[in-house]
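Visitor: Take a look at the letters that make up each chain.
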Amino acid sequence: MWLRNLFAKTLRDLRGQILGWGIGAGLIGVMVIFLYPSFKDQTAALSEMLKSYPPALMAFFGDFSKMGTYLGWLNIEFFSYGPPILAIFAVVVCTGLIAGEEEKGTLDLLLAHPIRRWRLITHKFAAFVVATVLIMVVIAIIFVGSSVMIGETSQLGRITLATMNIVPITLAGGALALMASVLFRSRRLANMVALVVIIGSWFLESLGKVVDVLKPYRPIALFHYYDSSGALFGAINWSDVEILLALTALLFIISVLAFQRRDIAV
Amino acid sequence: MIIETKGLTKYYGKTRGVEDLDLVVREGEVFGYLGPNGAGKTTTIRLILDLIRPTRGTAMLFGQPVRGRAAELKTRLGVLPGELALWGNLTARDLLTFLGNLRGGLDWVWVNELAQRLDLDLSRRVGTFSHGNKQKVGLLQAFAHKPDLLILDEPTTGLDPLIQQEFYRLIDEVKAAGRTVFLSSHILPEVDRVCDRVGIIREGHLVAVEEITALKHRRLRQMELTFAQPVPPSAFDLPGVRDMAQTGNSLCFFVDEAPGSLDGVVKRAAQFSIVGMRFEQATLEDIFLTYYHKEGTAPSATRETGTGPDAEWSAKEGKDVAS
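Chains as they are written, first to last, in the numbering used here: chain H, 28 to 293; chain A, 273 to 595.
Bound-form chain H, shown alone:
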């Protein structure tokens, strides 16, 4: 069944990535979660200490206001830093979807078969979307399991929700990388450009919270539309999710159109 079509085969080729990134990111979470019980006892002392730091610095490093709570702890230690790391997965996979096959030379063989270019790129990107969701599922399972092991069972739904909230930003990063790989043809260049834009936007958003000069530019940062606190404490900001998914769709459509038109490199 894994060879039934290009979607299935691409997903099959991604199984190592899915397990690797899912378990890898999950283990970071396990470490964070298992540290929580010993941290919890120190909350009062830590809060005292943090009060002496400049508020601007604290804002850069995340939402410390709810640090004393279990979800607040996870927010600072994982959900703020996880997405830019998972963006590396998105970039590496998505530049490989087309440009990878192209550089290997297997794209010539694929396109010798009766498959339209838009279908080819759609199958491939769909496999990436499913892989992204599966990685978050693996992470969520590990988080929920670890939380149960340390006795923090009251917020399992929130943790799952916050993990799934990483999906849209990861998809947007992937679509950006796909577009770069289709436009530039060079996988290496596309990797570089996409990572610079994504990591740059994370810094822009984080610094923009504390540096007034950057504040007006925050809306152009991808990470402006990723809100882990909302998912953990309040309500998911659905307009943020919609913006990220719309951006993903837009970048994907540009990729399709560019791929339809251009020459396949030898």
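Because the hints were derived from the structure by calculation, they are not lab data. Ideal placement from N, C-alpha and C gives every residue a C-beta, glycine not left out. Be aware that a few hints might be false.
Which residues of chain H face chain A? A few of them, derived with a C-beta cut under 8 Å, are [stated by the list, open to error]:
#1 ASP135
#2 ARG143
#3 ILE291
Ranges of calculated distance between the beta carbons of each label pair, as one might list FRET restraints [as the list claims (entries may be wrong)]:
#4 H:SER266 - A:ARG396: 50 to 58 Å
#5 H:ASP290 - A:THR347: 17 to 25 Å
#6 H:LEU216 - A:THR330: 30 to 38 Å
#7 H:VAL223 - A:GLN336: 43 to 51 Å
#8 H:PHE61 - A:ASP379: 55 to 63 Å
#9 H:LEU216 - A:ARG389: 41 to 49 Å
#10 A:ASP468 - H:LEU216: 43 to 51 Å
#11 H:ARG215 - A:ARG325: 32 to 40 Å
#12 H:PHE61 - A:ARG396: 44 to 52 Å
#13 H:THR149 - A:ASP464: 44 to 52 Å
On the provided structure of chain H, position chain A as indicated by the hints.
Guide: Quick look at chain A alone, frame taken from chain H:
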């Protein structure tokens, strides 16, 4: 027409790919596309497959332009890409299954027979294969669905001689079934063996299209005769002799295989005292240099061997090598 190109031209930036190609491949024939490496053979094939887009001109398959319709047309196509790349993590069987599924399934009885005839173990991972075995996988996927048209880019690269012979037999069978083959090659004997017609491409231009029987007349032997004392080159001013060069007591020249040519040379040589003789099949490169000289003209001596309207010569000015 199974394949037809009109004024097909491709530039990569300022680099010439192919220029003004007018190529016709008829139903049921085996068409050899012959030319040295870098002449534009793969570029032509990739244009026909709509992998790259022409700077100008059109390519048609089965009477339809490939632009916009390539996917439908490819259902009737079996393709062996040049410099074949495969997914090394799959077994040959899985790889064929996957590619077959892109076409809606495979006739495994036939595929297994093909694998047996080409001596390929389908259970092994493609990544462990030698170059020749990978090429066999490429041939298998091209032949697997018995397509109306086979487009094969340098099909025998890396195949050992026995397998090459089997491949030639496969081509014969395809032809006997009335299906069409377009194959590129830089190996003259191979084209000789399997093709009905040949197109010769040089520096992006189609310099000749002719029946294989006509090309055979153009086949050349390189001859070097060493005499006891110097012999004037004019002594061998005979029909079918060309590119004469003298070095000391030796004369080196090409002689074609037209009836009488070789006989004349041998009889003339017999009048002198010979101390050494070298006689070998000229390489394709030699033939190109002799017949399809820099300017791409055909010699008048052999022009008459071109048969019918398909023996198209690129009519450009240039020196006539044979005269």
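Visitor: It remains to establish, for every hint, whether it holds in the given structure.
Guide: Each hint, compared with the structure:
1. A distance limit of 8 Å between C-beta atoms decides the matter here; for H:ASP135 the minimum to chain A is near 4 Å, and the interface restraint holds.
2. With a cut of 8 Å, the hint placing H:ARG143 at the interface with chain A holds, because the nearest CB-to-CB distance is about 4 Å.
3. Proximity of H:ILE291 to chain A holds as hinted, the smallest CB-CB distance being about 4 Å (cut-off 8 Å).
4. In this structure, H:SER266 and A:ARG396 meet the distance hint of 50 to 58 Å, their C-beta atoms being roughly 54 Å apart.
5. Separated by about 23 Å at the C-beta atoms, H:ASP290 and A:THR347 satisfy the suggested range of 17 to 25 Å.
6. A hinted range of 30 to 38 Å holds for the C-beta pair H:LEU216 and A:THR330, which are about 33 Å apart.
7. Under the hint 43 to 51 Å, the C-beta atoms of H:VAL223 and A:GLN336, about 44 Å apart, fit the expected range.
8. Distance hint check for H:PHE61 and A:ASP379: the Cβ-Cβ separation is about 57 Å, which falls inside the suggested range of 55 to 63 Å.
9. Judged by the Cβ atoms, the range 41 to 49 Å given for H:LEU216 and A:ARG389 holds: they are separated by roughly 45 Å.
10. Distance hint for A:ASP468 and H:LEU216: a CB-CB separation of about 46 Å, consistent with the stated range 43 to 51 Å.
11. For the pair H:ARG215 and A:ARG325, the supplied restraint of 32 to 40 Å is violated, since their beta-carbon distance comes to about 25 Å.
12. Checking the proposed 44 to 52 Å range against H:PHE61 and A:ARG396 shows it holds: the Cβ atoms sit about 45 Å from each other.
13. A C-beta distance of roughly 46 Å is found between H:THR149 and A:ASP464, which places it inside the suggested range of 44 to 52 Å.
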